[in-house]
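Q: Sequence:
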Amino acid sequence: MPGPTYSAKELLDRLISFDTTSHKTNLPLIRFVEDYLAQHGLASSLTFNEERDKANLYATIGPQDIGGIGLSGHTDVVPVAGQNWDTDPFRMTERDGRIYGRGTTDMKGFLACVLAAVPMLQSRRLSKPVHILFSYDEEIGCTGVRPMIARLGNDLIKPEMVIVGEPTGMRVVTAHKGPVRWDVDVHGRAVHSSMAPLGVNAISYAGRLLGELAAIEEHLANTSRDTRFDPPYSTLQVTLIKGGTATNIVPVSCNFGFEVRALPGLHTNAIEQRVKDYASRLLAPMHAVAKEAGISIQQTNCVPPFAVDADSPVVSLALELAESNHTHAVSYATEAGLFQDAGTPSVVCGPGDIAQAHTANEWIEASELDRCMEFLGRLADRLSA
Numbered sequence: 001m002p003g004p005t006y007s008a009k010e011l012l013d014r015l016i017s018f019d020t021t022s023h024k025t026n027l028p029l030i031r032f033v034e035d036y037l038a039q040h041g042l043a044s045s046l047t048f049n050e051e052r053d054k055a056n057l058y059a060t061i062g063p064q065d066i067g068g069i070g071l072s073g074h075t076d077v078v079p080v081a082g083q084n085w086d087t088d089p090f091r092m093t094e095r096d097g098r099i100y101g102r103g104t105t106d107m108k109g110f111l112a113c114v115l116a117a118v119p120m121l122q123s124r125r126l127s128k129p130v131h132i133l134f135s136y137d138e139e140i141g142c143t144g145v146r147p148m149i150a151r152l153g154n155d156l157i158k159p160e161m162v163i164v165g166e167p168t169g170m171r172v173v174t175a176h177k178g179p180v181r182w183d184v185d186v187h188g189r190a191v192h193s194s195m196a197p198l199g200v201n202a203i204s205y206a207g208r209l210l211g212e213l214a215a216i217e218e219h220l221a222n223t224s225r226d227t228r229f230d231p232p233y234s235t236l237q238v239t240l241i242k243g244g245t246a247t248n249i250v251p252v253s254c255n256f257g258f259e260v261r262a263l264p265g266l267h268t269n270a271i272e273q274r275v276k277d278y279a280s281r282l283l284a285p286m287h288a289v290a291k292e293a294g295i296s297i298q299q300t301n302c303v304p305p306f307a308v309d310a311d312s313p314v315v316s317l318a319l320e321l322a323e324s325n326h327t328h329a330v331s332y333a334t335e336a337g338l339f340q341d342a343g344t345p346s347v348v349c350g351p352g353d354i355a356q357a358h359t360a361n362e363w364i365e366a367s368e369l370d371r372c373m374e375f376l377g378r379l380a381d382r383l384s385a
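Numbering follows our numbering, in which position 245 of the sequence shown is assigned residue number 245; successive positions increment by one, without gaps.
By construction, these hints were calculated from the structure, which means they are not laboratory data. C-beta: ideal position from N, C-alpha, C; glycine also. Hints are not guaranteed to be accurate.
Restraint ranges, calculated between C-beta atoms of paired labels, are given here [to be verified]: (1) S45 / R382: 24 to 32 Å; (2) D53 / H358: 19 to 27 Å; (3) K276 / D370: 45 to 53 Å; (4) G3 / D370: 18 to 26 Å; (5) S123 / R274: 54 to 62 Å; (6) G377 / D311: 20 to 28 Å.
Could you build the full structure based on these sequences and the hints that come with them?
A: Here it is as structure tokens:
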């Protein structure tokens with residue numbers, strides 16, 4: 001008996017109702033998808049996090065023993081706290097051709113289209129399989145998809161290529177920047193501010209490091225430019241900082257974080273080494289006053305920059321399905337670089353406008369869902385030709 005058939009809009013309504021903000025579980029959504037796929041005769045394989053309160057989902061439509069096409073998307077969304085919404089963010093609202101709700105654009109719209117396409121794909125005699133890859137914790141550094149990628153080619157079939165459905169307005173994206181983040185901790189010695197020379201001011205030494213980062217930022221802005229991107233260079237930003245105890249105490253600690261949004265080809269390990277080398281030169285005057293003083297620099301997350309060869313089969317396929325002749329580059333990041341580094345050529349192409357992602361009153365044009373369904377329909381035609 002065939003499983004239920006729902007429109008992308010109906011499925012999006014259901015997916016939005018699950019509050020999958022990254023600090024919460026995504027299991028109710030995953031169990032819903034697992035049950036939906038089971039009703040269509042499809043088995044799901046879950047990859048859990050250590051706490052077993054989140055999971056990735058992998059399922060295959062069609063032949064079970066060859067590569068095929070992966071459709072990848074994340075289930076988590078960013079918080080709504082501090083945002084002024086006109087509607088309930090976890091209840092779909094449609095008005096004037098727009099569908100409102102958290103995750104409509106980023107990126108439950110794509111997930112809904114993939115699920116809506118399941119009955120169609122199941123009805124075809126596919127020459128190659130379509131693999132569904134739904135992940136968790138993309139919004140906090142593409143951390144969740146990594147253990148699922150590690151299983152590809154082992155106990156899970158490794159796709160020949162992957163289409164990541166992040167919002168591109170259904171344009172084919174073949175390159176994006178990669179965010180790399182570091183945590184810097186400066187430890188000094190606290191003394192009464194009237195006796196400042198007996199202490200080591202952690203904020204002052206952190207300030208010197210910030211000056212070095214500003215010099216690196218300027219260097220990046222004037223070298224290795226790529227006009228496909230906006231801005232056309234790798235960026236560096238200090239994103240967090242805290243330190244000090246009181247106005248009459250030489251601060252014993254200062255902590256800050258910084259990020260590089262790297263163009264494809266930028267060696268961020270060289271940036272890290274430059275910062276560490278500069279920090280090591282600061283240690284002598286610090287240790288002259290306090291042997292316990294120090295500076296720690298730790299990389300906390302790395303999402304690799306992404307670029308796929310223009311002549312890769314995944315590019316030609318995506319352009320054919322999108323009925324386009326042009327490729328694009330974006331400055332935001334996706335899991336495409338992780339698939340690429342694992343040996344699976346990828347592109348990014350999905351419904352919605354990235355400008356709506358993470359905003360209050362997030363929305364997607366209903367017509368974007370239609371365009372994505374047409375894209376998936378052409379994929380079904382291609383694989384069953």
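Q: State for each hint whether it applies.
A: Hint-by-hint comparison with the structure:
1. S45 / R382: 24 to 32 Å: 25 Å, holds
2. D53 / H358: 19 to 27 Å: Check passed, 23 Å falls within 19 to 27 Å.
3. K276 / D370: 45 to 53 Å: This hint holds: roughly 51 Å between Cβ atoms.
4. G3 / D370: 18 to 26 Å: For D370 against G3, whose Cβ atoms are near 22 Å apart, the range 18 to 26 Å holds.
5. S123 / R274: 54 to 62 Å: Since S123 and R274 have Cβ atoms about 57 Å apart, the given range 54 to 62 Å holds.
6. G377 / D311: 20 to 28 Å: 26 Å, holds
Against the hints set out earlier in the document, no violation occurs for any number.
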